[in-house]
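Colleague: Using the sequences and the hints, build the whole thing.
In order, the protein sequence lines correspond to chains F and V. Just so it is clear: in the first sequence, position 267 is 266 by numbering that gives the first Met the number 0, and no numbers are missing. Just so it is clear: in the second sequence, position 187 is 186 by numbering that gives the first Met the number 0, and no numbers are missing.
All clues given are correct.
Computed cross-link-like contacts, EDC-like style, restricted to lysine to aspartate or glutamate with a CA-CA straight-line distance of at most 20 Å:
#1 V:Lys24 / F:Glu99
#2 V:Lys24 / F:Glu93
#3 V:Lys10 / F:Glu80
#4 F:Lys11 / F:Asp27
#5 F:Lys115 / F:Glu134
Covered stretches of chain F (chain V as the covering partner; in silico rule of three or more C-beta atoms under 8 Å from a C-beta of chain V):
#6 56-69
#7 78-87
#8 98-106
#9 110-118
So the derived label-pair ranges between C-beta atoms look like this:
#10 V:Ile44 / F:Arg135: 34 to 44 Å
#11 V:Arg27 / F:Gly315: 48 to 58 Å
#12 V:Trp30 / F:Gly43: 40 to 50 Å
#13 V:Gly113 / F:Lys301: 34 to 44 Å
#14 V:Leu205 / F:Glu304: 54 to 64 Å
#15 F:Thr139 / V:Pro57: 51 to 61 Å
#16 V:Phe89 / F:Lys115: 45 to 55 Å
The hints are simulated quantities; they were obtained by calculation from the structure and are not laboratory data. C-beta atoms are modelled at their ideal positions from N, C-alpha and C, and glycine is treated no differently.
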Amino acid sequence: MSFNDTLVIETKGLEKSFGNVKVLQGVDLSVKQNSIFGFLGPNGAGKTTTMKILLGLIRPTGGSGSIFGRDIVQESVAIRERIGYLPQQPRFIEYMSARENLEFTAAFFYTGPKSKIRMRCDEMLELVGLTDKAERPIRTFSGGEKQRLGIALAQVNYPDLLILDEPASALDPLGRQEVLEIMQRLRKHTSIFYSTHILDDVQRVSDSVAILNHGKVVASGPIELILNGQGSIIYCMTIKGEPEGLGEKLANLSWVTQTSVSQHNGSSLWQISVNDEVEAETNLLRYVLADEMITVTEFNRKKYELEEVFMEVIKGDGNGR
Amino acid sequence: MADSIQLNHVKEWSVLRGFTNLLHKESRAWWGTRRWWINAILWPILLCGLMANMLFVPAIANLASEAEISQAGSLTAYVIQMGLSVFFEFGMIALGIGAIILLQDSIIGEKQSGTAEWLLSKPVVPRAYVLAKFVGNTLAVLSLLLGGPIIIAYSMLSIRLGELFPARPFLLAAGIMTVHTLFYLALTLMLGTIFSTRGPVLGIGLASILGGNLLGGLFKPLFYVTPWILPKTASLSASGLSLPPEMGIIPLTTTFIWIPIFILLAIIKFENIEL
Numbered sequence: 000m001s002f003n004d005t006l007v008i009e010t011k012g013l014e015k016s017f018g019n020v021k022v023l024q025g026v027d028l029s030v031k032q033n034s035i036f037g038f039l040g041p042n043g044a045g046k047t048t049t050m051k052i053l054l055g056l057i058r059p060t061g062g063s064g065s066i067f068g069r070d071i072v073q074e075s076v077a078i079r080e081r082i083g084y085l086p087q088q089p090r091f092i093e094y095m096s097a098r099e100n101l102e103f104t105a106a107f108f109y110t111g112p113k114s115k116i117r118m119r120c121d122e123m124l125e126l127v128g129l130t131d132k133a134e135r136p137i138r139t140f141s142g143g144e145k146q147r148l149g150i151a152l153a154q155v156n157y158p159d160l161l162i163l164d165e166p167a168s169a170l171d172p173l174g175r176q177e178v179l180e181i182m183q184r185l186r187k188h189t190s191i192f193y194s195t196h197i198l199d200d201v202q203r204v205s206d207s208v209a210i211l212n213h214g215k216v217v218a219s220g221p222i223e224l225i226l227n228g229q230g231s232i233i234y235c236m237t238i239k240g241e242p243e244g245l246g247e248k249l250a251n252l253s254w255v256t257q258t259s260v261s262q263h264n265g266s267s268l269w270q271i272s273v274n275d276e277v278e279a280e281t282n283l284l285r286y287v288l289a290d291e292m293i294t295v296t297e298f299n300r301k302k303y304e305l306e307e308v309f310m311e312v313i314k315g316d317g318n319g320r
Numbered sequence: 000m001a002d003s004i005q006l007n008h009v010k011e012w013s014v015l016r017g018f019t020n021l022l023h024k025e026s027r028a029w030w031g032t033r034r035w036w037i038n039a040i041l042w043p044i045l046l047c048g049l050m051a052n053m054l055f056v057p058a059i060a061n062l063a064s065e066a067e068i069s070q071a072g073s074l075t076a077y078v079i080q081m082g083l084s085v086f087f088e089f090g091m092i093a094l095g096i097g098a099i100i101l102l103q104d105s106i107i108g109e110k111q112s113g114t115a116e117w118l119l120s121k122p123v124v125p126r127a128y129v130l131a132k133f134v135g136n137t138l139a140v141l142s143l144l145l146g147g148p149i150i151i152a153y154s155m156l157s158i159r160l161g162e163l164f165p166a167r168p169f170l171l172a173a174g175i176m177t178v179h180t181l182f183y184l185a186l187t188l189m190l191g192t193i194f195s196t197r198g199p200v201l202g203i204g205l206a207s208i209l210g211g212n213l214l215g216g217l218f219k220p221l222f223y224v225t226p227w228i229l230p231k232t233a234s235l236s237a238s239g240l241s242l243p244p245e246m247g248i249i250p251l252t253t254t255f256i257w258i259p260i261f262i263l264l265a266i267i268k269f270e271n272i273e274l
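Modeller: Here it is as structure tokens:
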């Protein structure tokens, strides 16, 4: 991914309470320019609240935040000039057609010329594959079509940041696929900050993620780092042959914390937990291969599925309760 | 994609950012729609139909006693008085109720559906949202609910009189009718920002318009600070009578003052609302 280090969103200790209920408890976020940032969390974790605070629709009770370096409370209107937003359930002006909705939305940003606004709307309809449905009443649209139109409305001003609240969660697999493809297409033009609880989608398109649980960020960072696991570093090795006493030898190494082995099709699969990544990368394979009676057919650092990481951090957070 | 199609950016007074486009939306919700046609037809029939009965149906005029006719001066003066009374007294209450019903959902509906949240995620200031609602609906209501019926009513009065009906008292009464309707428009809009369900908006609005006379009868000073006596004021003003301040200028002025107060309160409430 080609994204730079400029931050489009930065929050520090963001808090929000509704009465005595603390919905957000010190949320720190850093979203880089031109990245696709997945904002994960179970239902009720505070994802939508965070997004609404970023948009200036609700006010934080503590902490601070900025988008494009501007304060999210004091300079909200100026920020919204450069943002596109797709709510969890996209909203339209029901008595207008898809094109009219686009023209209406565009008129918040542009005055004309009319022919060019129309061209922009055509471009958006093409982007989301709704050109042939431009004049249809909104009520005849399927859920997936509404979602795609919602993205077109959010993108009509060529925003520097797209905020998408659960853009694919209400859709069938085909609809989800279409939405993810649109997000992929948009990534070279804009930064995307989106919330979801569909972990497969995040793993497929995101550069970075933050996992929110009960108002707290319990894990965040580039997706690669997150998929390396939280805390424990595990290397996987597939060995052919008879590795005599390998477990004991490994256990004697100061940087190895745990080993486990299982048999599979005449090979043994070793999982070796370490506490020193550099030491392991430099010496682990060499150490094992010193035994000439064995062959290592596979060696890699264990990659987690996002779902595993997600469950691990959510459970590690005491399910947030 | 970026900059492939160059467009002129909106240059709008930042204090009212988003107003023009939102006003356009509010107007489009009326003009040329089924709602527009229904109201354009219903209100002249409702208000002017009843007045026409008074003015042109002999059977109704025949119900008048000799004393009533002599008090009015002539049969024509009597039926005109009756016509004015029906048009302004009944008409203003009907218009007030109409304004409440037509606007009760305007803000609450958009708050509940999430449309308000979506609109305010654009470069829009909350006050522009409230003002566009007020201005857009006021233009529609005044032109559809009041404009047509007032012109038709004046024409009918002139036909019945056999000459042009005195314009000044009629316009004064029409002005009072307008202020009265604006009061209920502004009240309903303000209540829409305060409450999140339709019940209280309808309840308070209708209680005011239907129960106001009763309350004012129990405690007279209430008539000075409310629009409750204005239907009577309009009806008598249209007849050319000059009214004491407590029946004319005082309630008219206070009602007029309430309108910007309601709008201001609606703006303050909406600027602090969390969607």
